[in-house]
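Those protein sequence lines, which keep their order, are chains L and H. To convert, take the position in the first sequence, counting from 1, and add 1; that gives our numbering. To convert, take the position in the second sequence, counting from 1, and add 428; that gives our numbering.
These are calculated hints, taken from the structure and not from any lab test. All the pointers check out, no bait thrown in.
Okay, the calculated beta carbon distance ranges per label pair:
#, chain 1, residue 1, chain 2, residue 2, range
1, H, M432, L, A30, 40 to 48 Å
2, L, R185, H, L536, 45 to 53 Å
3, H, A744, L, I61, 55 to 63 Å
To give a feel for the contact side, a few chain H residues facing chain L, derived at Cβ under 10 Å:
#, residue
4, T442
5, L570
6, S571
7, F578
8, L646
9, Y668
10, F709
11, Q715
12, I723
In this text, all values refer to a predicted model and were calculated from it rather than measured experimentally. Just so it is clear, CB atoms sit at the ideal spot from N, CA and C, and this is done for glycine as well.
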Amino acid sequence: MLITPDVEAMAAGPEEPGPGRSWLRGILAPKVLTGLVIVGVFTAMAVFGPMLDHADPGAITSARLQPPSLHHLLGTTQQGQDVLTQLIYGARVSMEVGFAAGILTTLWSLLVGLTGGYLSGASSELLSMFANVFLVLPGLPLVVIMAAYLPHSGSAGIIIVITVTGWAWGARVLRAQTLSLRRRDFVEAARATGQGPVKIMLYDILPNEVAIITVTFLGSVVSAILTEASIAFLGLSDVTQWSWGTMLYWAQVSGAELARAWWWFVPPGLCIALVGTGLAFINFGIDDVINPRLRSAGSTPRRRRSRALAGSLARLARPPVRRAAKGPEAARGPGIAGGPGGTAGGTVLELKNLRVEYRGGAAPVRAVNDVSLTLRRGEILGIAGESGSGKSTLARAVTRLLRPPAQIVSGEMTYTARDGRQIDIAGLSDRELRQFRWEEVSIVFQSAMNALNPVLTLGTQIDDVLRAHRPGMRKVQRAARVRDLLHMVGISPDRAGAYPHELSGGMRQRAMIAMGLALDPEIVVMDEPTTALDVVIQRQVIETISGLKDTLGFSVIFITHDLSLLIELCDTIAIMYAGRIVELATAGQLYQRPLHPYSQGLLGSFPTLTGPRRTLSGVPGYPPDMRRLPAGCSFQPRCPRALAACAGTPPQLIRPQIPDPASVACLLYDTDYQDHPEGLTTGGGRA
Amino acid sequence: MRVMLRRLSFYAVTAWAAITLNFILPRLMPGNPAQDLINRSAGKLSPAAIKAIQVLFGQPHTSLISQYLTYWRNVVTFNFGVSYSFYPTPVIQVIRQSIFWTVVLIGLCTIIGFVLGTLLGMFVGWRRGSWRDALVPVTTFLSSLPYFWFALIAILVFAVSLRWFPSSGGYGIGLQIGLNWPFISSAIYYGTLPALTIVIASVGGWLLGMRNMMITTLNEDYVLLAEAKGLSRLRVMFTYAGRNAVLPSVAGFAMSLGFVVGGAIVTEIVFNYPGIGTVLFQAAEGQDYPLLEAIFLTITMAVLIANLLADLAYIALDPRTRES
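Just chain H, same shape as in the assembly (with noise of 0.2 Å):
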């Protein structure tokens, strides 16, 4: 219980300096974006949204703690302003549109290919010596490929030249979101080669990282002793090495996931998924800073649940952290 609070607080901490950051950096940079972002909108902004934008990006004449006051007042109540790239529409309805998307998506394929990468990684690292080997530099070069990359190879070859998969978008056009049949195998049919790119390109470091725990887990007395036990092979393999060996796996899952995320939302843009990951690429291109920075925040507090529950996952599977 006690090692759980201490988590909770640590990852409070983090969402605290994830805001804070968001609060200093465009205070920091050089030029105003502020006064820039007012300029662009050339009188089109009303002065609500005027009054949004200078909480959230520096306001003339306000110290800095009523400015940090008022800034956090608008992000408990999700006030991130207009949009500027899908004006008028506010900010936060923009997010809310496109994070489904993405959570699903991201979601599942991020869990798929650490399932998958720890297992092969499992079995890999059992055997070695084996043909099995050979699969450490093919995804050491797999893992090394950018994921937009990947995703541009697999639109020429399984959209544009085989004809698979549709190249673009994220359900068939005309189609009414909700829970109709129609829509969703739509959604699973344009969602299958994005899903694809991720998992290959994301496997790769799993693999890896599981080949290298197994093997110095497979000298450890206790797979000796469980061998000596004359238990069956795949018990030996799961339950003493396997389930010892992905422990870093899941402990590490933090500084992976980032990556794996980071990678995933540029794969979104190749294939203009209607996730975040678009969304941040036009907030880019139109520097939409109102976007960006919730999109920043959004993805920020997505990760730090995502980790929060790995790490229930490792209290769970790993009964030394359960003491006080």
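So here's chain L without its partners, still in its complex pose (with noise of 0.2 Å):
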């Protein structure tokens, strides 16, 4: 019943693809091999050393504080012991104290926090309280007032007192984790089936949590060494029993220090900080694998400036094609409706064969592929597709908000603005980029609640836009701008000061919104605006958005896999499958007559409100592996109509009806392909 840990990452499917899933590669990972190599380099030491070296470490002799020689490889104490023979028997008390106070601290922060965690009520309350207690107590003092108690006791003392002061931390760790997992599916079906408490502890969730278990272990260990050396340094072991701890206490009640003898306490702390680094460094490996994002990416993003800025060149020779539409919304500004620009306008956004790699795994996946899009001025234009379709990818390019490993591999993307100026999207410096954002493009996310800054009010987030791109605004008049948005998406605008988690999830909605429009941009990209929400508010905010759309004019970039919603909301729609444009139409075609098999199989999964009653067929299988695509179509192997030749042909976006601007990338409608002519007569799958 081991859950692995990239099931969600999995199921996410390649929108983010890259976390390895074999936990050999991390303990593979250099850090870790390291961490391994220090750990048993010392711990063959502690084991064998005192069986290599016959001498006694305590041995008093009259070479006193020897430096460095090759009698003495580290030299001498004051009392004319070998230091490295006390180091290698020191090793043996270090590790045995670290390792032994490591497994019994770790076996009581278990007992305490899977028990803890599991039960439920005043008993789970009671432990917890009992591990927070001895959590935040100072350790030390209390291990120093228990260790003078039992003085000179010892190797055995010293782990009890270890054991007692430093289970808590282990215990609250494993708790949560215990907490976690207790409310999973596979548990409450053990429960189901009647497994005992204990039962269901041991096999169910214990296993679970073996890599916490490992981490608070290795944790356990390192703060072990740390603390026998400390109370060895304080003279509160045996200070006869050779320990790295007892070596540095010695160092330091003769004095080492001021006598220079670097050579007798410099050893034995870098022989603990080695095994803590050691010890470390096998644990970032495990957070990493627990943790993949914590994981370093490795390269950082270095755009193709030259191309991109020969792009942008070649743009500013040439003149625009058609100037925007200047009209009463010359002046637009907050509340002043200005006429809407419909779907006559001229282009606003022209993406031309656009290409995303994510570049992390042995392949490069290609999640955006040699997509072109034109939008209006005052269109909305509906981006529809399963999830790993590529589509937030998109949103996330035309923005310009990728972070490795993905990147825009070639193509163009140029903005043209209101006054008919163009930009080249891609060529942006940093500079002209902040510029850029925000006025001209804004980005609304799927769920509020993680887009908005959790720690501000709503008012500072909208503000902080007005801030940055209005310098000269004052005060008072961003207050005012501030409040007005807020009205505009019917939000009262006394909510200024409320924090994201004092909103509903409309509100919330709705708030982004009025945020995206802080700045009356030109276009507005919404990924997913409504998918978290129930139905009902999903109108609500849907109208809002048309409303607001018809008065101020901007255009939309709509992604959703919602078609039914788009074929309500959009002008003009694309379908996306596996990172490519499959169909391009507009709505009312796209409604009418959908072409690709997958659009009428998408158009088939969703039940409308208004359109007549038919019977519901989805599409068949699952998306696509977009590490591993098929050759030729990629939705062939989903196909229902698929040709033979469809597994070796990749079919390119085509105009099968001339006049009609319906575009599809398929070899139903591909001339040198029909054998198939129903697929140009019938309407698809809605009879």
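Two chains, each in its own frame: build the complex with the hints.
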């Protein structure tokens, strides 16, 4: 019943490729290897060292305070004892105490954490309180007191003292982990089958905590070694039993640092730190596996400036094809209703052969492949597709928000401002990009809860935009603008002082829209803005968007998997599949006569509220694995109407009925392969 | 407000637990610490001092409950008896003389270490895959070093070899302690090396924690949105990413504080700094149980107060906690 930590990442699909699934890779990471080697060397030293070096670490000779020499590789102490011999014997005591206390501490933490997390009610609260109290009590003074009562008790006493004072952190971590596992389905299932609590804890929960237990264990070993050193350094342990801490005690008591006898106290401290570092490195490796985000991306984003620049120059040389419609909207301002641009407006954004790749794994994953689109002023362009189709990646590419390993590999993105100025989005410098962002293109994310900064008020987050882009605005003016914006989306202006968590889901999403409109942008990219909302709220948000679009005249790129919503809302719709646009048509055409078998399937998978009743068919199969796309049409394995040629020939986007602007990428409409004329005549799956 | 009350009651419980632990420990330990102490004094102690010792460490022929009550009365009135290692100074006076040094030195160093480590962690986490990542193994190594070892090295290099700073003590000999410039400047001069040691040794832990949180936070939508808004890089880094990434560090302050304070106290010993750490060392060496116990209570209370302040800071930083 082991849950691999990557299940969610895999389910998220190729939109987020990269995290390697193999534990082996984590273990073989250079950091972990270094850690294992260091710890291995010291363990060997502790185990075998005293067998090879028979000298007595306490033997007093007349060779006092000798610096390192061939005879004494690490010099001698004030009593003429050999430092290297002491170091080797010290390794044994220090590592022994460290590992023994680490094991005891972890067992105790596990007992308290696991039972405290699994049980509920008063006993659980009590255990948690118990752990929290011990967590806050400063460890060292407590250790000192306990050790003082057990003077010269040797390793056993020290181990007990360290365990008693050091278990609380691990118990807390393990409790939190158990609490989250307890609610998982597989634990519920085990409970439903009548397994006893002890069995569930041991067989269902414990195996899933192995990584965290290891991290806790290694952490407690480090802290046990350090604590032992502190106790010994304070002279509270048996000072005739050689450990690295005892060596430091004698060095300090004899004033080694004043006598410049560095060889005496430098090696034991380095040994402690090296073991600590080694164990920490192993922990980092485990952390990386548990939490793939921490793994460094390795590559810094590097744009192909020269190439993009050349593109933008070429663009400037060419006069703009069509001037933007200049009408009453030229005087557009907050709250002033300008004439809607309508679908007849000029081009505001043009994408040409855009290609985005994720370059992290063995082979690059093409999340957006050869996409060309045109957005007209005042138009709502819908982009539909399943999760993993590349639609969100496209949205982030247009706003230049891609992070490594995702990067724009080729293609052009041209923005045309209202005054006809053309801007190559990919070629903007960081400074220009900051000015361009939000001023021309703003974005609304799917989950407003995650997209709003939880520690700033709504007003501050809108105000931030104004402060960055309108440095001339006075504080009072900005506050007035914030109130106007909130009012515009139907939020009471006095909510400007509210924090995101104090608002309802629908309000948060409308606040996001208000924020998106703060600078009167030409384009608002909406990435699944309604997906996380229930149907009623969804309706309100959609109405807010269309209403505002009509008054303010901005263009929208609306991304969703909800095709029926797009058909109601949009002027033009692009259907994406496996990173490509497979069909591009007006909303009406797509609804009446979807061309691509995939579009036909999608339309068959949603009921409409207003349209005639029909059978829901849906799309068979699962979204493709972006790492292993078929050679021909990516949809071919799921396509109910696939031709023989589809497996080997990638279809191009064509316009099958020339006066009609609808285009489709499917061999069924390619005259070269048309032995299936029904594709043209019947309207697809919806009879 | 309710959150605040909950935290306050938690600290009250913790304080009670610490004080009670202090009562139970000597009674649990093998042997009879109270009789040990009385025997060791060889008749030097006054009957009142003997009584105080018995209240703290175990009275013969008295029920535990009444012992506990008398113990509490002594704790509340700061009556911890007479110190052995500083005989015949009362324990409370020994603590009063040393606590100021510790509060100033360790208090300042902890705050500086936290601020510095958090800022550095923020910068390292902000740009991964750059040279700054090399700081991670270095700081891991630094944070694995025992503080006192670091102190020994600092003395060897800066006090013995370079002679930049004195190797021990808290101020120049013969100076009048008080608000006069010669004393204050001397205290700063003597305190610099211990302070540097504590700051450098504690910075690594904060740095690593903040770096990891920063990397996690940078993946949040609100950071991406802040970038999309065209805000300046500093605004995104501090107000959107950093402000949220620092929250776990502040919440984890309690856990780390005990560790930092422990390390700092041992550092005092190496520098023979006139603070509570050095006194603790002398008390442990001389098995001066009355002083040990009182120091434990003092440090615990100081740490609890610091934690309470950290909690207040957390509530100020995170509006979500302010909800009822």
